[in-house]
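Here is what each chain is made of, one letter per residue.
Number of protein chains: 2
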Amino acid sequence: MNERELIQNLMRDLPSNEQVVVGAGDDCAVVDLGLASDWVLFKIDATIEGVHFTSDAAPEAVGHKALGRCLSDVAAMAGTPSCAVIALGLPHSFDPAYVQAIYQGMRRLADRYHVALVGGETSLSPERITLTVSLIGTVSKDRCVRRTGAQPGDALFVTGELGGSILGKHLSFEPRLAQANWLRAHYDIHAMIDVSDGLATDLRHLMEASGLGAELLAKNIPVSQAARRKAKGNAGAALQAALNDGEDFELLFAVKATDCVTLKDAWAQAFPELNLRCIGKMISDPGLKLRTQDTLREWTQHGYDHFA
Amino acid sequence: MNERELIQNLMRDLPSNEQVVVGAGDDCAVVDLGLASDWVLFKIDATIEGVHFTSDAAPEAVGHKALGRCLSDVAAMAGTPSCAVIALGLPHSFDPAYVQAIYQGMRRLADRYHVALVGGETSLSPERITLTVSLIGTVSKDRCVRRTGAQPGDALFVTGELGGSILGKHLSFEPRLAQANWLRAHYDIHAMIDVSDGLATDLRHLMEASGLGAELLAKNIPVSQAARRKAKGNAGAALQAALNDGEDFELLFAVKATDCVTLKDAWAQAFPELNLRCIGKMISDPGLKLRTQDTLREWTQHGYDHFA
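Chains as they are written, first to last, in this note's numbering: chain A, 1192 to 1499; chain B, 1192 to 1499.
Don't read these hints as lab results, they were simulated from the structure.
C-beta atoms are modelled at their ideal positions from N, C-alpha and C, and glycine is treated no differently.
Errors might be hidden in some of the hints.
Here are some chain B residues the structure puts well away from chain A; computed CB gaps all over 10 angstroms [stated by the list, open to error]: (1) 1310; (2) 1312; (3) 1334; (4) 1372; (5) 1396; (6) 1424; (7) 1457; (8) 1459; (9) 1465.
In silico EDC-like links for lysine to aspartate or glutamate, alpha-carbon gap of 20 angstroms or less [to be verified]: (10) 1410/B x 1489/B; (11) 1332/B x 1223/A; (12) 1332/A x 1223/B; (13) 1455/A x 1379/A.
Please model the entire structure based on the sequences and the hints provided.
See the structure below:
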């Protein structure tokens, strides 16, 4: 049984109650606690030494990543983060200065987005430093964007550049909270997800949730400099990295095709320093297709699987 | 630097915002998201193989404990749990049936308290199974019980029996949600905490939060059968276990001394099968004192410290 099958199995028929709007299977859980116009978003993410960061990573960057991953998920639902709690796992002999620097990285990011750090707990984790962050936020009920609402013919957009995140961006990415909220305020975003498992894998999540297929235009996929560097000049390998590498933490979303031109123009005004690229469209036929100059083929490769 | 000093250091001047009612340092964080009469409770707890459970533990019990620890903290603030998310860490080769049984244990407990499990994530944890659970709940603003409100002269009560939890109860305890809500509905509970680090240590938390000391009556401390078994008939060692052992997950609370008799009577009607014991009182003098038949002495021993 692989990770995906296990999770599918575990997530089947989970206990629910009348407060659950969206349970497992979107970027965040969505809960109705009785607020007049808002729902509550709820998320957890573990960041583990040797898995999500190496022991030589700058501790501030580790803290940044641990909190940033949750913030990126709140962004994907066009929400606003509120508070986070942290479960910290430490080996018997730890360097207090290193741990404090991890917290410094979290504090800095929390400050930037007005997120409160409201506590947590510390326990022994003999082999590895682990940081598990849980975040709550809010989203206006009429602005919550899920993975489920894409329509056939919708244009697919992605922010930033993709691939090769392992060379550095996975520790220094900026969660796209401002962009997501701007998008939702000005456009009818049908579906959105953050690109954390790799473009192809996350697009499949969005396709499955919306019951659709998608077609990507290879030449439009924004291949990052890091992906090119990693591919050592091999254009095919660089494209592959942009499609399959994880931890880009960019936004992937579907919007009415007729909104494309105005969206591109308005975006360039609002976020002149961040690329926004139309990379393809949603289609009724199932499956993910990649269109190159002269071929249209199925893209069957998957992104990172912890247990592959 | 020990665990306590590190945490104190990390928790200093954490980023806050206008939604925070209680940040780090109580059983749960308390957040005001704008609900008319309720606050939101927010908690995280990690349950780690080899630290919080041994590899031969029944997986259902492991799941029970992972969720139950958070429920116990919500109980300590007289709140009602709502939803939980779970970060699951698994080694490369895991037994899917074992993991599913862990989830079965969580599901069963969640069902009992009408708690929804709204997702989470799975990642690689090479050496150990880890389960980090985060829980949100609600509490009526006029019923939230903190650690801070104890008054000199208050009677101290504890539910159940204490000590020797390692012999089994740490995996099978029942979170005292019903009892905590009943207590708060009928009495003016000044301060409450769940006994997770050991009676002496958790009482010190409550004393520090309330700026007081406390005096315990040795003969009134409810020493569990497990503590006696562990102590092999040595009464002093059994008492010591009841004072210092962790993971009892009982409620420790302070209430006006004049409420003692009616509380004991009403409790016996409401919860005939669960012991409630008055074990001492809050005093103005700082420090924790233990009164035995002929002596009154400082109790300086501490409970479990992960990094001691």
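Hint check results:
1. Under the 10 angstroms C-beta cut-off, the non-interface status given to residue 1310/B relative to chain A is violated; the minimum distance is some 3 angstroms.
2. Non-interface call for residue 1312/B relative to chain A: violated, since the shortest CB-CB distance, roughly 6 angstroms, does not exceed 10 angstroms.
3. Against the 10 angstroms criterion, residue 1334/B stays outside the reach of chain A, whose nearest CB is about 16 angstroms from its own CB.
4. The beta carbon of residue 1372/B sits about 17 angstroms from the closest Cβ of chain A, which is more than 10 angstroms, so the claim that it is off the interface holds.
5. With a cut of 10 angstroms on Cβ distances, residue 1396/B stays outside the contact zone with chain A, its closest approach being about 13 angstroms.
6. Listed as outside the interface, residue 1424/B is consistent with that label: its C-beta sits roughly 31 angstroms from the nearest C-beta of chain A, beyond the 10 angstroms cut-off.
7. Non-interface call for residue 1457/B relative to chain A: holds, since the shortest CB-CB distance, roughly 30 angstroms, exceeds 10 angstroms.
8. No beta-carbon of chain A comes within 10 angstroms of the beta-carbon of residue 1459/B; the shortest separation is about 32 angstroms.
9. Against the 10 angstroms criterion, residue 1465/B stays outside the reach of chain A, whose nearest CB is about 25 angstroms from its own CB.
10. Only pairs whose Cα atoms come within 20 angstroms are accepted, and residue 1410/B paired with residue 1489/B is accepted, the gap being roughly 16 angstroms.
11. The suggested pairing of residue 1332/B with residue 1223/A holds, with an alpha-carbon distance near 18 angstroms, which does not exceed 20 angstroms.
12. Straight-line distance between C-alpha atoms of residue 1332/A and residue 1223/B comes to about 18 angstroms, which keeps the hinted pair within the 20 angstroms bound.
13. Distance check on the hinted pair: residue 1455/A and residue 1379/A sit about 14 angstroms apart at the alpha-carbon level, within 20 angstroms; holds.
The structure fails to meet hints 1, 2 from the earlier list, while all remaining hints are met.
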